[in-house]
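Asker: Start from the sequences and build out the full structure, keeping to the hints where you can.
Taken in sequence, the protein lines are chains A and B. Going letter by letter, the first sequence gives residues 0 to 124 in numbering that gives the first Met the number 0. Going letter by letter, the second sequence gives residues 0 to 147 in numbering that gives the first Met the number 0.
Among the hints, erroneous ones may be present.
Heads up, incomplete: computed chain A residues facing chain B, CB under 10 Å, no partners named [unchecked claim]:
1) H20
2) N22
3) S47
4) M52
5) G58
6) L59
7) G62
8) L95
9) F98
10) D100
Straight-line Cα separation of at most 25 Å, DMTMM-like style, residue types lysine to aspartate or glutamate; simulated pairs [to be verified]:
11) K1/A - E98/B
12) K85/A - E143/B
13) K112/A - D100/A
14) K80/A - E118/B
15) K85/A - D39/B
16) K85/A - E18/B
17) K80/A - E94/B
18) K85/A - E98/B
19) K85/A - E94/B
20) K68/B - D100/A
21) K80/A - D39/B
22) K80/A - E40/B
23) K141/B - D106/B
24) K85/A - E40/B
25) K129/B - E94/B
In case anyone wonders, no lab produced these hints; they're calculated from the structure. From the three backbone atoms N, C-alpha and C, an ideal C-beta is built for every residue, glycine too.
Below, each chain spelled out in residue letters.
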Amino acid sequence: MKILFDNKNRCLVCLSGEIDHHNASAIRMKIDVAIDSHCPGEVYIDFSGVSFMDSSGIGLVMGRYRILREYGASLFVANCKGSIRKVMQLSGMNRLAKFVDGDFENEFLNSRKGETVNEQVANVK
Amino acid sequence: MSRSQTLNELKVAFPSLSENESLARLIVSGFVSGLNPMIDELSDVKTAVSEAVTNCIVHGYRNTVGTIKMHLRILEGNELYIRISDKGCGIENIERAMEPLFTSAPDEDRAGLGFTVMESFMDKLSVRSKNGNGTTVTMRKKLESRVK
Numbered sequence: 000m001k002i003l004f005d006n007k008n009r010c011l012v013c014l015s016g017e018i019d020h021h022n023a024s025a026i027r028m029k030i031d032v033a034i035d036s037h038c039p040g041e042v043y044i045d046f047s048g049v050s051f052m053d054s055s056g057i058g059l060v061m062g063r064y065r066i067l068r069e070y071g072a073s074l075f076v077a078n079c080k081g082s083i084r085k086v087m088q089l090s091g092m093n094r095l096a097k098f099v100d101g102d103f104e105n106e107f108l109n110s111r112k113g114e115t116v117n118e119q120v121a122n123v124k
Numbered sequence: 000m001s002r003s004q005t006l007n008e009l010k011v012a013f014p015s016l017s018e019n020e021s022l023a024r025l026i027v028s029g030f031v032s033g034l035n036p037m038i039d040e041l042s043d044v045k046t047a048v049s050e051a052v053t054n055c056i057v058h059g060y061r062n063t064v065g066t067i068k069m070h071l072r073i074l075e076g077n078e079l080y081i082r083i084s085d086k087g088c089g090i091e092n093i094e095r096a097m098e099p100l101f102t103s104a105p106d107e108d109r110a111g112l113g114f115t116v117m118e119s120f121m122d123k124l125s126v127r128s129k130n131g132n133g134t135t136v137t138m139r140k141k142l143e144s145r146v147k
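Answerer: Here you go:
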């Protein structure tokens, strides 16, 4: 699992492996700490690295949706494919969060790269 | 449920520890592998088992550890039979428990979709429960056999 921020303080959570009741609480805690410490305006939860998910994954997304609403932030659910999408569709989450596809990890990393270069330039000056 | 001839079967019992959720999924995957199931069928079955076992852990044996029994059968006509039972607290109101989005543990981010998943991903689902005397979930699914 990876949590990234881009230069617009958007947060990307890249989930990986299996999401069940056993490991959902650890994932939940890490995401909630990131949200609380950075107050991002948009949070993307990316499922492209997830190999299995049961309804614990839905609970995870629903819970984050509720928290983000209190922060006035938006939730995006990214790259839900195959069986993950099938489970997610049962939840009606598509009415609450936007479902998007794309290579967000690359997008976020690139945006930080640019910022780091700029900062370095500024420091040199 | 109708009787069919059992072609293969497996009975396992394990304690209601959350790390055994993935073990239960691995066991059922291994058991059905002989039927050469499609990938999406296999994930349907794994998801349904994961929900049933999680229910035993989160609800049946809430604040305690007990034994979960899983009984798997392959029946004639490529049908998979799964029975998962606990001797936990039981369900007071099965109809209410089976309503989508109903959960007795909203603080823990439970979506309340366990039975909905089992019902949608398997062909048949039956739930028997007695208050204070455990819950038994029985599921069946016909698997499409692929040409080997």
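Asker: With reference to the structure, classify each hint as holding or not holding.
Answerer: Here is what the structure says about each hint:
A hinted interface residue such as H20/A counts as satisfied when its beta carbon comes closer than 10 Å to some beta carbon of chain B; here the least separation is about 4 Å, so the hint holds. Residue-level restraint check for N22/A holds (minimum Cβ-Cβ distance to chain B is 8 Å; threshold 10 Å). Interface restraint check for S47/A: the shortest CB-CB distance to chain B comes to about 16 Å, outside 10 Å, so the restraint is violated. Because the closest C-beta pair between M52/A and chain B is about 8 Å apart, less than 10 Å, the hint holds.
Because the closest C-beta pair between G58/A and chain B is about 4 Å apart, less than 10 Å, the hint holds. Satisfaction of the interface hint for L59/A is found here, the shortest Cβ-Cβ separation to chain B being roughly 6 Å, below the 10 Å cut-off. A least Cβ separation of about 4 Å between G62/A and chain B falls short of the 10 Å threshold, and the interface hint therefore holds. Given hint, L95/A at the interface with chain B, is violated; its Cβ is 12 Å from that chain's nearest Cβ, farther than 10 Å.
A cut of 10 Å between beta carbons decides the hint on F98/A: the least distance to chain B is about 17 Å, and the hint is violated. The interface hint given for D100/A is broken, as the beta carbon of that residue sits about 19 Å from the closest beta carbon of chain B, more than 10 Å. Of the supplied pair hints, the one linking K1/A and E98/B is violated, its CA atoms being roughly 35 Å apart against a limit of 25 Å. With a C-alpha separation of about 19 Å, the suggested pair K85/A and E143/B falls inside the 25 Å cut-off, and the hint holds.
Restraint check for K112/A and D100/A: the C-alpha separation of about 22 Å stays at or below 25 Å, so the hint holds. For the hint linking K80/A to E118/B, the alpha-carbon distance of about 21 Å falls within 25 Å, and the restraint holds. At roughly 10 Å between alpha-carbon atoms, K85/A and D39/B fall within 25 Å of each other, so this suggested pair holds. Straight-line distance between C-alpha atoms of K85/A and E18/B comes to about 24 Å, which keeps the hinted pair within the 25 Å bound.
Between K80/A and E94/B, the direct Cα distance comes to roughly 31 Å. Violation of the 25 Å bound is thereby established for this hinted pair. Straight-line distance between C-alpha atoms of K85/A and E98/B comes to about 19 Å, which keeps the hinted pair within the 25 Å bound. As the CA atoms of K85/A and E94/B are separated by approximately 24 Å, the hinted pair is consistent with the 25 Å bound. With a C-alpha separation of about 40 Å, the suggested pairing of K68/B with D100/A is violated against the 25 Å cut-off.
Taken as a hint, the K80/A and D39/B pair is honoured in the structure, with Cα atoms around 12 Å apart against an allowance of 25 Å. At roughly 15 Å between alpha-carbon atoms, K80/A and E40/B fall within 25 Å of each other, so this suggested pair holds. With a C-alpha separation of about 36 Å, the suggested pair K141/B and D106/B falls outside the 25 Å cut-off, and the hint is violated. For the hint pairing K85/A with E40/B, the CA-to-CA distance comes to about 12 Å; that is within 25 Å, so the pair holds.
Proposed proximity of K129/B and E94/B is supported: the alpha carbons are some 13 Å apart, at most 25 Å.
The structure does not agree with the numbered hints 3, 8, 9, 10, 11, 17, 20 and 23 stated previously, though it agrees with the rest.
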